[in-house]
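Peer 1: Sequence:
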Amino acid sequence: MATAAARHILVPEESTCQDLKQQIEQGADFADVAKEHSQCPSGAKGGDLGTFGEGQMVPEFDQVVFNEALNTVHGPVKTQFGYHLLEITARTE
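Numbering follows UniProt numbering, with no gaps: position 91 of the sequence shown is 91.
Since the hints were derived computationally from the structure, they do not count as laboratory data.
Check each hint, because a few of them may be wrong.
[Unchecked claim] With a Cα cut of at most 27 Å, we get these calculated BS3-like pairs of lysine-lysine:
1. K35 to K45
2. K78 to K35
3. K21 to K35
4. K78 to K21
5. K78 to K45
Model the full assembly from the supplied sequences, consistent with the hints where possible.
Peer 2: In structure tokens:
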């Protein structure tokens, strides 16, 4: 089974998500932004979600995490929880 490691930032509004993505693309550290802004408990760990298998996260996460480029900030990704920025740090097939 495919596995991946990723980190994310969760915020309630798409506009906030876009603003944070722009900050990261301009050089802000993903982990620092997650610690300051993410509304997920993982924010305290820089957004680190650890390693997980396909199907363990919501479908919108899986679509990005198991199909998009590594070490790139993806999003906003809308889920039932809000808007996410995702960074895939590792993946195995």
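Peer 1: Does each hint fit the structure? Answer for all of them.
Peer 2: Checked hints:
1. About 7 Å separates the Cα atoms of K35 and K45, which keeps this hinted pair within 27 Å; it holds.
2. Distance check on the hinted pair: K78 and K35 sit about 20 Å apart at the alpha-carbon level, within 27 Å; holds.
3. For the hint linking K21 to K35, the alpha-carbon distance of about 14 Å falls within 27 Å, and the restraint holds.
4. A threshold of 27 Å between alpha carbons decides the hint, and for K78 with K21 the separation of about 14 Å falls inside it, so the pair holds.
5. For the suggested pair K78 and K45, the alpha carbons sit about 22 Å apart, so the restraint of at most 27 Å is met.
The structure meets every hint from the earlier list without exception.
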